[in-house]
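S.K.: Sequence:
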Amino acid sequence: MSHERAVAALLALAVVLAAGIGLSVLGVLPAPWTDDEGDVRIVGADGETKAAIDVEVADTRQERYTGLSDHDSLEPGEGMLFVHGDEGERTYVMREMAFGIDIVFVGGDGEITEIHHARAPESGEDGAEMHYSGRAKWVLEVPYGYTNETGVEVGDELVIENTF
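Just so you know, we're using the numbering used here here: the sequence shown kicks off at 2 and counts up by one.
Possibly wrong hints are sitting among the right ones.
[As the list claims (entries may be wrong)] Pairwise CB distance ranges (calculated):
#1 E130 with R42: 27 to 37 Å
#2 S3 with G89: 44 to 54 Å
#3 E90 with E130: 34 to 44 Å
#4 D73 with E5: 54 to 64 Å
#5 R42 with G125: 31 to 41 Å
[Claimed, not checked] Pairs of lysine to any residue residues, derived as SDA-like cross-links and limited to a Cα-Cα distance of at most 20 Å, are as follows:
#6 K138 with D37
#7 K51 with E88
#8 K138 with P77
#9 K51 with E64
#10 K51 with T114
#11 K138 with D47
#12 K51 with V94
#13 K51 with V160
#14 K51 with D127
#15 K51 with H117
#16 K51 with E90
#17 K51 with G78
#18 K138 with E97
#19 K138 with E123
#20 K51 with T151
#21 K138 with E88
#22 K138 with P122
#23 K51 with E158
#24 K138 with V94
#25 K138 with I161
What the hints contain is simulated information worked out from the structure, not anything from laboratory work. No residue lacks a Cβ here, since even glycine has one placed at the ideal position from N, Cα and C.
Using the sequences and the hints given, assemble the complete structure.
M.R.: What follows is the structure, encoded as structure tokens:
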């Protein structure tokens with residue numbers, strides 16, 4: 002292989018690699034160096050843990066769009082953590098959901114800003130018209146009523162146990 006061809010091949014590889022990293026950072030592609038699972042805790046003002054949750058991580062546009070709609074249920078202590086690049090106003094819907102959930106909005110500082118108890122869509126509803134909004138960098142979805150059962154409330158802190 003000639004020197005020029007080798008340089009061109011390396012340059013093409015660098016461009017593909019940079020594009021892949023860029024798409025991962027933008028949340029279009031999943032980051033290959035991260036897990037799709039993690040552990041989070043919710044801590045009250047007294048520093049005591051109110052809930053420990055094993056989460057699936059939704060950190061791409063496609064994963065955030067699909068969310069839990071491809072699940073049949075969630076058990077207590079299970080959830081999905083939606084990861085956004087920055088804090089902003091977010092709206093979640095119950096599109097094609099088979100069960101109710103609590104939707105917990107968490108600001109960039111880790112503080113819970115809003116909690117919604119979202120019922121499952123009824124017969125004839127697809128859930129797309131069921132809107133739940135709040136300011137968040139992260140959104141945690143857990144089983145319906147779980148935040149009430151564990152005493153989780155606005156102002157509590159979400160602690161991410163491991164990086165994804």
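S.K.: Decide, hint by hint, whether the structure agrees.
M.R.: Tested hints:
1. E130 with R42: 27 to 37 Å: 33 Å, holds
2. S3 with G89: 44 to 54 Å: 50 Å, holds
3. E90 with E130: 34 to 44 Å: Since E90 and E130 have Cβ atoms about 19 Å apart, the given range 34 to 44 Å is violated.
4. D73 with E5: 54 to 64 Å: 57 Å, holds
5. R42 with G125: 31 to 41 Å: 39 Å, holds
6. K138 with D37: 17 Å, holds
7. K51 with E88: 24 Å, violated
8. K138 with P77: Distance of about 23 Å is beyond 20 Å: violated.
9. K51 with E64: Violated: K51 and E64 sit about 27 Å apart, past 20 Å.
10. K51 with T114: 16 Å, holds
11. K138 with D47: The hint is violated at about 23 Å.
12. K51 with V94: At roughly 26 Å apart (the allowed maximum being 20 Å), V94 and K51 break the hint.
13. K51 with V160: 11 Å, holds
14. K51 with D127: Roughly 33 Å between the alpha carbons, so the hint for K51 and D127 is violated.
15. K51 with H117: 18 Å, holds
16. K51 with E90: Distance of about 26 Å is beyond 20 Å: violated.
17. K51 with G78: Judged against 20 Å, a Cα distance of about 11 Å means the pair holds.
18. K138 with E97: 24 Å, violated
19. K138 with E123: 29 Å, violated
20. K51 with T151: 6 Å, holds
21. K138 with E88: At roughly 4 Å apart (the allowed maximum being 20 Å), E88 and K138 satisfy the hint.
22. K138 with P122: 26 Å, violated
23. K51 with E158: 10 Å, holds
24. K138 with V94: 17 Å, holds
25. K138 with I161: The given pair, whose Cα atoms are some 13 Å apart, holds under the 20 Å limit.
Against the hints set out earlier in the document, violations occur for numbers 3, 7, 8, 9, 11, 12, 14, 16, 18, 19 and 22.
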